[in-house]
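Trainee: Chain by chain, the residues run as shown.
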Amino acid sequence: MSESRIKIVEKILNANERLAHENRQRIDEATAYSINLMASPGAGKTSFILATINGLQDEGVQIGVIEGDTAPVTIDSDKITAVGMPVVQVNTGGECHLDALMVEIALDQLPLYTIDLLLVENVGNLICPAAFALGTHSNILIASTPEGDDKPYKYPNIYRGLDVLIINKIDLLPYLDFDMDYFQQGVEMLNPGLISFAVSCKTGEGIENWLEWIKAKLPKK
Amino acid sequence: MHELSVTESVLEIACKHAEKAGAKKVTDVYLVIGRLSSIVDDSVEFYWQMITEDTLCRDARLHFKRVPAELVCLECGHQYLLAQELTPCPNCGSARIRILSGDEFNIESIEIQR
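So the sequences go chain by chain: A and B.
Under my numbering, the first residue of the first sequence is numbered 1, with each subsequent residue one higher.
Under my numbering, the first residue of the second sequence is numbered 1, with each subsequent residue one higher.
Everything labelled a hint here was simulated from the structure, so no lab data went into it.
This one's a predicted model, so the numbers in the text were calculated from it and none came from an experiment.
Treat the hints loosely; a few may be bogus.
[As the list claims (entries may be wrong)] Computed, partial: chain B to chain A, Cβ under 10 Å:
1) 45
2) 80
3) 99
4) 100
5) 107
6) 110
[Unchecked claim] Computed cross-link-like contacts, DSS-like style, restricted to lysine-lysine with a CA-CA straight-line distance of at most 27 Å:
7) A:79 <-> A:215
8) B:65 <-> B:24
9) A:11 <-> B:25
10) B:16 <-> A:79
11) A:154 <-> B:24
12) B:65 <-> A:11
13) B:65 <-> B:25
14) B:20 <-> B:65
15) A:154 <-> A:11
16) A:202 <-> A:217
17) B:24 <-> A:11
18) A:79 <-> A:217
19) B:25 <-> A:7
20) A:215 <-> A:202
21) A:11 <-> B:16
22) A:7 <-> B:24
23) A:202 <-> A:79
24) A:7 <-> B:65
25) A:154 <-> B:25
26) A:11 <-> B:20
27) B:16 <-> B:65
28) A:220 <-> A:151
Just so you know, even glycine gets a beta-carbon here, dropped at the ideal spot from N, CA and C.
Kindly generate the complete structure, drawing on both the sequences and the hints.
Mentor: Below, the structure is given as structure tokens:
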């Protein structure tokens with residue numbers, strides 16, 4: 001019997017990254033723009049999706065949604081169905097994040113070629129979703145003010161992979177000890193120059209700026 | 001976090017390379033984990049025992065090598081290692097920093113018997 005050491009150097013999550021790459025190709029072929037929407041539970045992911053649909057619907061933008069949840073519920077997807085957009089509910093079976101395979105399966109169930117914007121609502125969690133690429137064009141985090149201003153310091157990885165940051169619930173700022181300068185210094189250290197939009201999905205404040213940004217990203221069909 | 005799916009990925013990669021090399025058995029698996037990649041060694045060990053039962057990796061030992069996170073200040077060029085929480089540059093106080101390493105999450109090598 002002989003022993004030997006085999007050098008590998010392979011990323012542990014390599015399989016996921018390959019699938020994510022395939023997802024991207026499919027989404028690109030359908031000329032849709034796609035977003036991985038991450039946040040902690042209760043930050044306003046679904047409200048943000050509804051505000052985005054509300055702002056783009058009249059302009060004829062077709063939006064498809066993938067709703068990730070750890071439990072077999074349809075609370076979020078029912079809200080999307082109610083406003084007339086195609087939605088697929090993914091139950092992760094207790095897993096703390098969506099992965100590229102779950103998105104691949106969900107893509108099969110969406111009318112991808114009629115969609116201009118694909119919004120993937122990840123499981124509410126600031127840790128695990130950061131490690132799993134889905135194949136979307138951009139990663140967006142919704143940070144809400146009641147969560148506190150220290151979140152970039154406590155969950156650095158999720159901030160590092162972002163393309164856009166949404167700061168939600170700014171209407172609550174007068175009632176909270178949220179130090180915006182401290183928060184933004186943390187963000188700046190992790191992701192210098194990150195594009196961010198301060199909004200309130202409840203009052204609609206700031207949503208217009210976000211809509212301008214996303215409209216410029218949409219494919220001209 | 002998601003230790004089970006991580007452990008399954010490790011097993012899949014280790015078995016793939018072991019089979020390719022004509023191994024009868026894998027005795028050791030060497031992982032490199034950056035300071036910024038969160039993983040609980042004990043949980044991985046626990047799942048590893050469970051899922052390797054009927055595979056080439058049965059009884060193989062897992063080795064975790066931790067590598068530090070290195071940062072560089074974009075103002076003064078000072079390089080430093082991440083201590084506890086993220087802090088501005090200890091040399092000039094600037095918050096304009098870039099993280100150079102610490103994301104590693106790799107299988108580096110395996111030890112096999114033929």
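Trainee: So, for every hint listed, does it hold in this structure?
Mentor: Verification of the hints:
Below 10 Å, beta-carbon pairs count as interface contacts, and residue 45 of chain B has none with chain A, the closest being about 15 Å; its hint is therefore violated. Of the supplied interface hints, the one on residue 80 of chain B is violated, with its beta-carbon coming no nearer than about 13 Å to a beta-carbon of chain A, more than 10 Å. Contact between residue 99 of chain B and chain A, as hinted, is supported at the beta carbon level, the nearest pair being about 7 Å apart and thus within 10 Å. At its closest, the beta carbon of residue 100 of chain B sits 12 Å from a beta carbon of chain A; the interface hint therefore is violated under the 10 Å criterion.
Checking residue 107 of chain B against chain A: minimum C-beta separation of about 5 Å stays under 10 Å; hint holds. Checking residue 110 of chain B against chain A: minimum C-beta separation of about 5 Å stays under 10 Å; hint holds. Restraint check for residue 79 of chain A and residue 215 of chain A: satisfied, since their Cα atoms lie roughly 23 Å apart, inside the 27 Å limit. Restraint check for residue 65 of chain B and residue 24 of chain B: satisfied, since their Cα atoms lie roughly 25 Å apart, inside the 27 Å limit.
Distance check on the hinted pair: residue 11 of chain A and residue 25 of chain B sit about 22 Å apart at the alpha-carbon level, within 27 Å; holds. A hinted pair counts as satisfied when its Cα atoms are at most 27 Å apart, and residue 16 of chain B with residue 79 of chain A does not qualify at roughly 44 Å. The hinted pair formed by residue 154 of chain A and residue 24 of chain B fails the criterion: a straight-line CA distance of about 44 Å is larger than 27 Å. A C-alpha spacing of about 14 Å is found between residue 65 of chain B and residue 11 of chain A, which places the hinted pair at or below 27 Å, so the restraint holds.
At most 27 Å may separate the alpha-carbon atoms for a hinted pair to count; residue 65 of chain B and residue 25 of chain B meet this at roughly 22 Å. Annotation: proposed proximity of residue 20 of chain B to residue 65 of chain B holds, straight-line Cα distance about 25 Å (limit 27 Å). Annotation: proposed proximity of residue 154 of chain A to residue 11 of chain A holds, straight-line Cα distance about 25 Å (limit 27 Å). Taking the CA atoms of residue 202 of chain A and residue 217 of chain A, the gap is about 24 Å. The hint holds against a cut of 27 Å.
This hinted pair checks out: residue 24 of chain B and residue 11 of chain A have alpha carbons roughly 24 Å apart, not beyond 27 Å. With a C-alpha separation of about 25 Å, the suggested pair residue 79 of chain A and residue 217 of chain A falls inside the 27 Å cut-off, and the hint holds. Using a Cα cut-off of 27 Å, the hinted pair residue 25 of chain B and residue 7 of chain A holds, with the two alpha carbons roughly 16 Å apart. About 21 Å separates the Cα atoms of residue 215 of chain A and residue 202 of chain A, which keeps this hinted pair within 27 Å; it holds.
The suggested pairing of residue 11 of chain A with residue 16 of chain B holds, with an alpha-carbon distance near 14 Å, which does not exceed 27 Å. With a C-alpha separation of about 17 Å, the suggested pairing of residue 7 of chain A with residue 24 of chain B holds against the 27 Å cut-off. Among the hinted pairs, residue 202 of chain A with residue 79 of chain A is consistent with the structure: their alpha-carbon atoms are about 15 Å apart, no more than 27 Å. Of the supplied pair hints, the one linking residue 7 of chain A and residue 65 of chain B holds, its CA atoms being roughly 15 Å apart against a limit of 27 Å.
With a CA separation close to 41 Å, the supplied pair residue 154 of chain A and residue 25 of chain B exceeds the 27 Å bound. Restraint check for residue 11 of chain A and residue 20 of chain B: the C-alpha separation of about 18 Å stays at or below 27 Å, so the hint holds. For the suggested pair residue 16 of chain B and residue 65 of chain B, the alpha carbons sit about 22 Å apart, so the restraint of at most 27 Å is met. With a C-alpha separation of about 37 Å, the suggested pair residue 220 of chain A and residue 151 of chain A falls outside the 27 Å cut-off, and the hint is violated.
Comparing the model with each numbered hint stated earlier shows that hints 1, 2, 4, 10, 11, 25 and 28 do not hold.
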